[in-house]
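J.: Produce the complete structure using the sequences and hints provided.
One-letter residues, chain by chain:
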Amino acid sequence: MEMLASERKNRVWAFIILGFFALVSVATFAYNEYYIYLSIYLWFGLIYGLALQYGRFCFSSAFRDLFAVGVARMAVGITIAIALFALVASLVTAQGLSTFHPAPSGIHAVIAGFIFGMGMVFAGGCASGSLYKTGEGNMNALIVVFSISVSQALFVDIGGWTNKLVPESWHHSALAKGLPASINVGDGWMDQYLAGYVWNHPVTTFAKMLGWENSSALGAIVGNFLIGVILPSALLLGVVYFVWSRKAFVRKMLKQGKEKMTLLDEVKGYWAMLSASKRTAIAGLIIGVAAGLHMLVLQGARVKFGVKNAGALLERMGFDYGISVNGTVFDPGYWYVTTQEAQWVGWMLQKTTGANYMDNVFFGYVNGIPNPAINPADWMSLATIGGAAIMALLYSEFKFKKPTLELATWAIIGGTLMGIGARLALGCNIGAFFIRVANGDPSGWLFGIGMVPGAYVAVRFFNWWTERKMEKQGFGL
Amino acid sequence: MTMKFEQTNEGNYLLDVTGYVCPHPQIYTKKALERIEPGDVLRVIFDNPSSGESISTMCENTGDEILEKKKEGGAFIWNIQKI
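If you read the protein sequences in the order shown, they are chains A and B. Residue 338 in my numbering sits at position 338 of the first sequence, and the numbers go up by one each step. Residues are numbered in my numbering as their position in the second sequence, beginning at 1, plus a constant of 1000.
There could be a bad hint or two in this list.
[Claimed, not checked] Derived DSBU-like pairs (lysine-lysine); straight-line CA-CA distance at most 30 angstroms:
hint: 1; chain 1: A; residue 1: Lys399; chain 2: B; residue 2: Lys1069
hint: 2; chain 1: A; residue 1: Lys260; chain 2: B; residue 2: Lys1071
hint: 3; chain 1: B; residue 1: Lys1004; chain 2: A; residue 2: Lys469
hint: 4; chain 1: B; residue 1: Lys1031; chain 2: A; residue 2: Lys9
hint: 5; chain 1: A; residue 1: Lys255; chain 2: B; residue 2: Lys1031
hint: 6; chain 1: B; residue 1: Lys1071; chain 2: A; residue 2: Lys308
hint: 7; chain 1: B; residue 1: Lys1004; chain 2: A; residue 2: Lys255
hint: 8; chain 1: B; residue 1: Lys1069; chain 2: A; residue 2: Lys255
hint: 9; chain 1: A; residue 1: Lys402; chain 2: A; residue 2: Lys469
hint: 10; chain 1: B; residue 1: Lys1071; chain 2: A; residue 2: Lys278
hint: 11; chain 1: A; residue 1: Lys9; chain 2: B; residue 2: Lys1070
hint: 12; chain 1: B; residue 1: Lys1070; chain 2: A; residue 2: Lys402
hint: 13; chain 1: B; residue 1: Lys1031; chain 2: A; residue 2: Lys247
hint: 14; chain 1: B; residue 1: Lys1031; chain 2: A; residue 2: Lys399
hint: 15; chain 1: B; residue 1: Lys1004; chain 2: A; residue 2: Lys351
hint: 16; chain 1: A; residue 1: Lys469; chain 2: B; residue 2: Lys1070
hint: 17; chain 1: A; residue 1: Lys399; chain 2: B; residue 2: Lys1004
hint: 18; chain 1: B; residue 1: Lys1004; chain 2: A; residue 2: Lys252
hint: 19; chain 1: B; residue 1: Lys1071; chain 2: A; residue 2: Lys472
hint: 20; chain 1: B; residue 1: Lys1071; chain 2: A; residue 2: Lys469
hint: 21; chain 1: A; residue 1: Lys399; chain 2: B; residue 2: Lys1071
hint: 22; chain 1: B; residue 1: Lys1069; chain 2: A; residue 2: Lys278
hint: 23; chain 1: B; residue 1: Lys1069; chain 2: A; residue 2: Lys469
hint: 24; chain 1: B; residue 1: Lys1069; chain 2: A; residue 2: Lys351
hint: 25; chain 1: A; residue 1: Lys402; chain 2: B; residue 2: Lys1031
hint: 26; chain 1: A; residue 1: Lys164; chain 2: B; residue 2: Lys1071
hint: 27; chain 1: B; residue 1: Lys1069; chain 2: A; residue 2: Lys268
hint: 28; chain 1: B; residue 1: Lys1004; chain 2: A; residue 2: Lys258
The set of hints was computed from the structure by calculation and includes no laboratory data.
T.: Next up, the structure:
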């Protein structure tokens, strides 16, 4: 009976959270119709949260669990999500309605991926994983979210002695970009890295590399979707199958009296790997389709309101604080996690310390630091936490977990590494990897290539660490 | 709360990784299973839902059998027999 009472209580809480978001949407819309734009982010954020928690969808485990315990389920789940998102995105792109902009491709994406990959294993979850785990009541994940947020906000504004580390060529190149004087681009490591180095790299897609237009059917579907996503994904899953999953399948077949694996058996084995975790596959499916629709719906809202960026809407609504010199705020038009985490800290630091956080490229020139209460992407992140909480409550998996000193240490180290990696790459596992790969941007794959060895190094460290702790309990090998 | 790994009686072991987040519960479970004999039963207590997915797939791969899965107040209690 007690169990039933607690389940009932959980359900009530789940509906209270859902009701809260519904109330926010309706009340703000009644106040001003422009708030529907923020609500679009909110509801897609909620869907991401629901699906992430349901599928225990954590990007960090894609590589980590392969290396640490030989489990391929997340590598498979993410590939399913990417493939479906890529399919929907290519159809949206072919209609000329995509909100996606490719990022500069270069070695920096690999290095950033390495740092980020290490960070996400240390932290126990990636950027999106920390959000959904916070929704499960995991306070350790909340520390990770704070660490990502603070490290990014400080890193993008870093100046002083770090200016000495800036190559002369970056400095001159940054100044030559002719940015507004308020940005002070010649001062600050990140500013000169972005304007003097990253921006000089080519911005391309698989379609463009093959000589096709992004918005053409050939470019979007054959170039970006089939060649840029499906082909490399199928090859990667083939490697995962032969290195990690095949052995268990062969053993099962031998048990059933089979002597030799035929080609048909191999196909069955490959399929068994794809369908091993239904929860993960279903979550991948929902996330993939939702991420594609998110782009479409938001583009529709932009057309309806006649804007290209939420900055214009915020100004029409009377909010002019923290809007970039270009009149923009962070408004990616699709799923994103880290930039809005940097923004709320930037906003808070400028408000409380009085220091100027709008003189750097990241905040001042591109993303702004609007009040988090009216920051569209922050609505998305909060709803992701809320969505995850709803799902965890409904399945009686919500549990308030206090962090321990050991885990908090890993969380801060991991979160900080992720914050730095995300800023160097201009995005996290979602913005720099998931979204870019699915939209045929090679820089997404470069970030992924970096994440693999980064995760591997951190797994090796944790292997050593756990061995040590097992020995301490008298169970040395 | 730190992790606990102990022999409870002949052929039975307990691994308590309550409070731990990914990847710790699955790594500790793997290492605990490496340290016990075939036929022995390992009881794992954890409260990080995503680790459960990894542990069950890991057992499917190795052939170790999950005898029982229980859920108590947000914590998972699984009995795994090493094959």
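J.: Against this structure, judge whether each hint is valid.
T.: To see whether the hints hold, each was checked on the structure:
1. A:Lys399 to B:Lys1069: Holds, at roughly 18 angstroms.
2. A:Lys260 to B:Lys1071: Violated, at roughly 41 angstroms.
3. B:Lys1004 to A:Lys469: Roughly 10 angstroms separates the two Cα atoms, so the pair holds.
4. B:Lys1031 to A:Lys9: violated, 37 angstroms
5. A:Lys255 to B:Lys1031: Holds - the C-alpha atoms of Lys1031 of chain B and Lys255 of chain A are around 26 angstroms apart, at most 30 angstroms.
6. B:Lys1071 to A:Lys308: violated, 49 angstroms
7. B:Lys1004 to A:Lys255: With a Cα-Cα distance of about 35 angstroms, the restraint between Lys1004 of chain B and Lys255 of chain A is violated, given a limit of 30 angstroms.
8. B:Lys1069 to A:Lys255: Holds. Lys1069 of chain B to Lys255 of chain A sits at ~25 angstroms (cutoff 30 angstroms).
9. A:Lys402 to A:Lys469: The given pair, whose Cα atoms are some 21 angstroms apart, holds under the 30 angstroms limit.
10. B:Lys1071 to A:Lys278: Roughly 20 angstroms separates the two Cα atoms, so the pair holds.
11. A:Lys9 to B:Lys1070: holds, 20 angstroms
12. B:Lys1070 to A:Lys402: holds, 22 angstroms
13. B:Lys1031 to A:Lys247: Status holds; Cα separation ~20 angstroms.
14. B:Lys1031 to A:Lys399: holds, 26 angstroms
15. B:Lys1004 to A:Lys351: violated, 46 angstroms
16. A:Lys469 to B:Lys1070: Status holds; Cα separation ~26 angstroms.
17. A:Lys399 to B:Lys1004: holds, 20 angstroms
18. B:Lys1004 to A:Lys252: Roughly 33 angstroms separates the two Cα atoms, so the pair is violated.
19. B:Lys1071 to A:Lys472: holds, 29 angstroms
20. B:Lys1071 to A:Lys469: Roughly 26 angstroms between the alpha carbons, so the hint for Lys1071 of chain B and Lys469 of chain A holds.
21. A:Lys399 to B:Lys1071: holds, 12 angstroms
22. B:Lys1069 to A:Lys278: holds, 18 angstroms
23. B:Lys1069 to A:Lys469: Holds, because 26 angstroms separates the two Cα atoms, which is no more than 30 angstroms.
24. B:Lys1069 to A:Lys351: violated, 50 angstroms
25. A:Lys402 to B:Lys1031: The hint holds at about 25 angstroms.
26. A:Lys164 to B:Lys1071: violated, 56 angstroms
27. B:Lys1069 to A:Lys268: Answer holds: Lys1069 of chain B to Lys268 of chain A is near 28 angstroms, not above 30 angstroms.
28. B:Lys1004 to A:Lys258: The given pair, whose Cα atoms are some 42 angstroms apart, is violated under the 30 angstroms limit.
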